[in-house]
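Undergrad: So the protein sequences, as listed, match chains S and E.
Just add 82 to the spot in the first sequence (first one is 1) and you have the working numbering.
Just add 389 to the spot in the second sequence (first one is 1) and you have the working numbering.
These aren't lab readings, by the way, just hints derived from the structure by calculation.
Wrong hints could be hidden among the right ones.
Counterexamples of contact, computed for chain S against chain E with all Cβ distances above 12 Å [to be verified]: (1) A89; (2) P121; (3) I122; (4) L136; (5) D141; (6) D156; (7) N170; (8) V183; (9) P197.
Computed footprint of chain E on chain S; a stretch qualifies when at least three of its residues, placed anywhere within it, have a C-beta under 8 Å from a C-beta of chain E [stated by the list, open to error]: (10) 145 to 155; (11) 184 to 194.
Even glycine gets a Cβ: it sits at the ideal position worked out from N, Cα and C.
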Amino acid sequence: MSEVTEALTRLPLFAGCPPGELQRVVRYAHEERAAAGEPIVTQGERGDLFFAVLEGTVDVEREGNVLRTFGPGDFFGETALIAHAPRNASIRATTPVRLAVLPARDFRASVGRFPAVYDAVLQAVAERI
Amino acid sequence: MLEFWSPRVDRSRKRRDIPGIVAALRSGGLRTRRAAANSLISVPDARATGALVEALNDHDVLVRTNAALALGELGGPQTAGELLKARGALIDALGDSEPRVRAMAASALGRSKSPEAVEALIGALEDEDPLVRRTATVVLEAYDDPRAAEALAR
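Whole structure, please, built from the sequences with the hints as guidance.
TA: If you want it as structure tokens, here you go:
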């Protein structure tokens, strides 16, 4: 199991998913790093990637205002997974950051196998509105 | 998860043998059908449209859930007839007895942004289950359609 896949299996989002089985559907996850201040996602753009923070922190910005800060264990990019919607916020690294990046299709395949993952994502969407 | 374990589907998937996966979806045992529907999320192919539409009527909720997700991935060289068939079946699946299937059907329709699905998705805003209502909300927010905007503003 790759380091990034192993890191994904430890995320609260995937709690309850058997690691060996989860690995089968998140095997195309890869790691990205960003420097402090570097943009990761731009509001209004279309994207088909899901991100989970492994190390460091990022700011969530909308119309130039910081809405919240995400740290290890948090995730973003979920609305693009559900509706192929344009990104509804920008994400910028506030420290050096390590991210697990998962193609949306792989994420949806994991939802098919582990439906509770979808519940957790929608719960997060509701809390972030 | 053993519910999805199928060496037959694994072999077909590795070979990109879509007819093999379709055959497994149509005639396999429970775990094989689940694995086949799930694998078509990762390797979508228009040749599987008919079998996925049929799978929306499978007696197993996980087969139906994965079939809805897989139909949402379809694109590319589909005929207009296949697209219409897939969308119509997903709209019908908004009336499935299981909330999870209804939610996945709404999400799948949202990825296509089909205008024909707007009214059905607006109806899903009144679904009895919060999972379905939330999904319909996220999906309609991404629609560029005045009917969606009006329904969300109510």
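Undergrad: Each hint should be assessed against the structure and marked as holding or not.
TA: Now the hints, each set against the structure:
no.	hint	result
1	A89	20 Å, holds
2	P121	22 Å, holds
3	I122	20 Å, holds
4	L136	23 Å, holds
5	D141	22 Å, holds
6	D156	18 Å, holds
7	N170	8 Å, violated
8	V183	16 Å, holds
9	P197	6 Å, violated
10	145 to 155	violated (count 0)
11	184 to 194	holds (count 6)
In this structure, the earlier hints numbered 7, 9, 10 are contradicted, and the remaining ones agree with it.
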